[in-house]
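Engineer: Now for the letters of each chain:
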Amino acid sequence: MITFVLPNALTPLARGLGTVRVEHARGTVREALATLGERNPGIVDRVLTEQGDVREHVNLFLGEENIRFLDGLATPVNDGDTIVVVPSVSGG
Amino acid sequence: MAQQKKGRRAGDVLVLVGTNKGAFIIRSDRKRKSWKIGKPHFPGESVYAMAYDGRGGRHRLLAATRNFHFGSMIRTSDDFGKTWSAPSRQNVKFPEGSGLSLVQVWQITPGPESDPGLLWCGVEPHALFESRDRGDTWNAIPGLLNHPHRPKWTPGAGGLCLHTIIPDPSNRQRMAVAMSTGGFYRTDDGGKSWKARNVGVRAQFLPNKYPEFGQCVHKVVHHPSRPETLFLQNHWGLYRSDDWGDQWKDVANGVPSDFGFAMQMHPRDPDTVYIVPLESDEFRCVPEAKLRVYRTKDGGKSWKPLAKGLPQKGAYETVLRDALTADTHDPAGIYFGTRSGKLFASNDEGGSWSAISEALPSIACVKAAVIGG
Numbered sequence: 738m739i740t741f742v743l744p745n746a747l748t749p750l751a752r753g754l755g756t757v758r759v760e761h762a763r764g765t766v767r768e769a770l771a772t773l774g775e776r777n778p779g780i781v782d783r784v785l786t787e788q789g790d791v792r793e794h795v796n797l798f799l800g801e802e803n804i805r806f807l808d809g810l811a812t813p814v815n816d817g818d819t820i821v822v823v824p825s826v827s828g829g
Numbered sequence: 136m137a138q139q140k141k142g143r144r145a146g147d148v149l150v151l152v153g154t155n156k157g158a159f160i161i162r163s164d165r166k167r168k169s170w171k172i173g174k175p176h177f178p179g180e181s182v183y184a185m186a187y188d189g190r191g192g193r194h195r196l197l198a199a200t201r202n203f204h205f206g207s208m209i210r211t212s213d214d215f216g217k218t219w220s221a222p223s224r225q226n227v228k229f230p231e232g233s234g235l236s237l238v239q240v241w242q243i244t245p246g247p248e249s250d251p252g253l254l255w256c257g258v259e260p261h262a263l264f265e266s267r268d269r270g271d272t273w274n275a276i277p278g279l280l281n282h283p284h285r286p287k288w289t290p291g292a293g294g295l296c297l298h299t300i301i302p303d304p305s306n307r308q309r310m311a312v313a314m315s316t317g318g319f320y321r322t323d324d325g326g327k328s329w330k331a332r333n334v335g336v337r338a339q340f341l342p343n344k345y346p347e348f349g350q351c352v353h354k355v356v357h358h359p360s361r362p363e364t365l366f367l368q369n370h371w372g373l374y375r376s377d378d379w380g381d382q383w384k385d386v387a388n389g390v391p392s393d394f395g396f397a398m399q400m401h402p403r404d405p406d407t408v409y410i411v412p413l414e415s416d417e418f419r420c421v422p423e424a425k426l427r428v429y430r431t432k433d434g435g436k437s438w439k440p441l442a443k444g445l446p447q448k449g450a451y452e453t454v455l456r457d458a459l460t461a462d463t464h465d466p467a468g469i470y471f472g473t474r475s476g477k478l479f480a481s482n483d484e485g486g487s488w489s490a491i492s493e494a495l496p497s498i499a500c501v502k503a504a505v506i507g508g
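Those protein sequence lines, which keep their order, are chains Y and D. Just so we're aligned, residue 738 is where the first sequence starts under the working numbering, counting upward by one. Just so we're aligned, residue 136 is where the second sequence starts under the working numbering, counting upward by one.
These are calculated hints, taken from the structure and not from any lab test. For every residue, glycine included, the Cβ atom is placed at its ideal position computed from N, Cα and C. Careful: at least some of the hints might be erroneous.
Claimed, not checked - Where chain Y lies over chain D, by a calculated footprint (3+ residues, C-beta under 8 Å): (1) 202-214; (2) 231-237.
To be verified - A partial selection of chain D residues facing chain Y, derived with a Cβ cut-off under 10 Å: (3) T218; (4) A221; (5) P222; (6) S223; (7) R224; (8) K228.
Please take these sequences and the hints and turn them into a complete structure.
Structural biologist: In structure tokens form, the structure reads like this:
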């Protein structure tokens, strides 16, 4: 089981929930997102571009580490992990 | 005068304003003397393109929203903005394998009356999309998506944007688009192939000042009654073509600067065009800090300033490429918005102006619509 924690802006796409759990024992962040997208494609659309890259101003944290500083979408995940979707603190 | 539901009357005017902080729907009656400004739609999201589609007996608003974090999409409203569609999926999406991802939508253009389901949108990075279901779903036009010039198109200050779409009302096979940078392109075979049509248009910023393509065209307009005659506001340069862009000639006759973004055709007179010159491509504010719209009534032979009611001292204003528009009343209403959030209106074709608001967020686009019966 992988738990995705969503920012407020994405909860309308998850029936108002702030967390979504998916059955996913092991693999990579990319594979976990693909599993998430099976039932929640709109969330994945907001996190990844249509070419499958993490959007520029979106961060994915595996535990407390930003996956940009790990192996990106190829970062391994394991049963029980939590992936937090964090919008960049930026803008004007 | 037909009374419509919820107090709307045929002839009412909607001014749709897209800003970097959301969209505003502003309404008046046909006199256009007082205006009602609604609350912001999509607060916090930038809106660079809006449109009103009154074809097929509907009243549909379209807005291109860009969330700084989570991407862009086109949303629709069939109740004048009371509710908006909220697509769960990104509805303007580059095809897999293209290597391209949508940044934002720059233009939404309804198709002909005879095909009320058809619309186009222009996007960043440069591409033209088509919808055949009134704007709910969109697909890229392959002929332009796979154009051999694509690797050499480069971004202007606004990005790699396709911002202008000009269908030929008399020939469904012909259409033109303009891009910054890239220039002016035309198809004569329904979008299968596109040829650069920039002969005579200067590329001030390139070593070769007159290349086949690569010009930074800011806006092109034409009148449906004379579709072959086009007016083009360039990144330095003001041009006219009388053969659908095969040749362009300079018509910067009497303007204080031939740099600018915005350009608008009069709704009935194909010789009357409005522009807002800017001082330079570095400063990008109106010349002499005087906010003036310029108008030609003779197809570009001469341009005259329209300044009555506009600030003529200390006005460091910029009007972007899609922030000048006209309604279809007689006399026509002319509207424009500035990057500093001021929205001006004229109900006498530019003879005099008044501010609808001076405190909106930075304005990216302004579109006007007259509500039909």
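Engineer: Does each hint fit the structure? Answer for all of them.
Structural biologist: Results of checking the hints against the structure:
no. : hint    : in the structure
1   : 202-214 : holds (count 5)
2   : 231-237 : holds (count 6)
3   : T218    : violated (14 Å)
4   : A221    : holds (7 Å)
5   : P222    : holds (8 Å)
6   : S223    : holds (3 Å)
7   : R224    : holds (5 Å)
8   : K228    : holds (5 Å)
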